[in-house]
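If you're matching them up, the sequences are chains W and A in order.
In terms of this note's numbering, the first sequence has 48 at position 47, counting the first letter as 1, and numbering is strictly consecutive.
In terms of this note's numbering, the second sequence has 83 at position 8, counting the first letter as 1, and numbering is strictly consecutive.
Some hints could be false.
What follows is a set of in silico ranges between Cβ atoms, one per label pair, in the way DEER data are often shown [as the list claims (entries may be wrong)]:
no.	chain 1	residue 1	chain 2	residue 2	range
1	A	R404	W	D100	43 to 53 Å
2	A	C483	W	S66	32 to 42 Å
3	A	A337	W	K114	24 to 34 Å
4	W	N138	A	S141	45 to 55 Å
5	W	N138	A	K453	20 to 30 Å
To list a few chain A residues with every Cβ distance to chain W over 10 Å, as calculated [claimed, not checked]:
no.	residue
6	E125
7	R297
8	R393
9	S445
10	A511
11	R521
Far from chain W, some chain A residues (derived; all Cβ distances over 10 Å) [what the hints assert, rightly or not]:
no.	residue
12	H79
13	K400
14	E415
15	T442
16	Q500
Just so you know, these hints were derived from the structure itself, not from any lab.
Each residue gets a CB set at the ideal place from its N, CA and C atoms; glycine is no exception.
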Amino acid sequence: MHQEYTVVEGDFVNAGKASSSVKKTLKQLNVNPQVVKRVVVALYEAEVNAIAHAYGGKVSVDIDSDKIRMVVADKGPGIPDIALAMQEGYSTARPEVRDMGFGAGMGLPNMQKNVDKLNVTSEVGVGTTVEMEVNFNT
Amino acid sequence: MFYHALQVDEPRCIGCSRCMKTCPTEAIRIYGGKASIQEHRCIDCGKCYEVCPAQAIAIKDDDFESIHNYPHSVALLPAVFMGQFPDEISVSRVYATLQELGFAHVMEVESAAMIYADAKNKYALSHADRYPLISSFCPAIVRLIQIKYPSLTENVMPIKVPLDLSAMYAVAELQRRGVPREEIGLFYITPCAAKIAAVKAPVGEERSLIDGVINMNLLYNRVYKHIKDMGKNHQYPPQSRQRLSADAILSTLTNGERRICAAKRSYAIDGIQNVMDFLDKLENEEVEGVQFLELRACDQSCAGALLSCDNRFLCGERMYARARKAAERERNGEMPRDREMDKYKEYLIENSLVDEVEPRSMMVLDTDISKALEKMEKIERMKVHLPQIDCGVCGAPTCEAFATDVVCQRADLHRCVFYRIHLEQTGKMQLAEGAANMMRVWGKDRINGDIEM
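Turn these sequences into a full structure, and let the hints guide you.
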């Protein structure tokens, strides 16, 4: 099953729309609640990243009987040093974003913690793509 | 399967669908001109009862007369019961009247409110890994979490509520005075349906200590009538009643638990829609650093309960007035009598734990994930063709609920009036057949007149 969502730059009001919708779907599929939680937390972080750092993007979700694959692709400044960005607390968020309670430098580490597979590819000046996979049977 | 305290009284039901549209868990459908409640979705919140114009939602309470089966019948009252009476009827007068009506003993369940608070604080100390902890107080909320927020069931504190703690106290104290258990009958005077379900089918326990549940409205009528009948000069029996502390009196109102909990950050949320909005956020981990949540299904908590006969704000203010008096007594050094229960505090706290709250999700389409996926794809395809205006003419509350019912073979697609008109227009269905479909959902007599004047 395939679902797609659009993320708009700076639209913090609607952060979490994609993850909420995916959550409802996984509940209906009888996926273990703790697994659902991990998926939702990781996807929410990725959504917020695309809203806060990039110029918006697209979330596509593919669900089959044993796993969920999520790809969040943004058009944005890109990440020059991915290894650095993966470190807890490292953040390039603007002060106004931090004032809204985002940008604590926990986004990518939190995704890493909650998914079974994480792949971040980025090109400076073009955009970043975050691919995540979570297995249902752990 | 699941016990419920609410049921549709079919002969009375006029099939108006108000209940279907108001039910927060989409548990109601209309078929054959009557409402029916889907057991696995109902949380006994009673919203259907509130909106029914025909009194067709019945509450399964127990007969008042059964109190006479026990030499030591105990009335376990919620403090909101006192909040129903006009100012000129005192708390003492209500206690005395209940004794004249046949109860051997009368106590308010909030006598155990402070012990409940202590039990929760003690649990919180050793369960920081489960923050935010959710109060077990409101049984409709516990059931809501079980069916709709299965990932949050482990946040619900598995702790006996004041009703159960005060019942344990009553039994222990009467037995200490030499009364055999079989002579003790514990009757809870309930302000809502969810509490009945909690007594008849407790979550996390085999069975409840409570022997019967009496409808608060019915008892209010009896007490009020007795007081009026007896007149001003009647000599009521002397009785030594429990005095509640201000904190205990306020504990069932919104913020009542929150204001006395030890948590650093906590929220008190009332009204089931408000609770659902918050739990949606919480489930996504969008809310951080919360330690305790007091969640109540009714607006203004128990003052706004189903069987609270007076206006929720009038009832709430009477309780505040009583609490202010109690606070003054406390300031003057008169100890509130509910401290008597402190003799049993250790025993009660030690026995306050129940089993963990188990999830029982209503949302699951199929336990086999491949089949569930197939169903979900069908639902998505079907939804595109449904009108998406949630008119309810199919007998389901929303187009999405209807599509789910159709895919799970609980409803026939021909119940959608828009789809039928499409079939009629394209010559695939005769008018008579369409009308027959309409009558299957709404009853034979619904299409019955020339409306134009």
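When the structure is checked against the list of hints, which entries are broken? Sort them ascending. Going through the list in order, the structure violates hints 2, 9 and 15 and respects the others.
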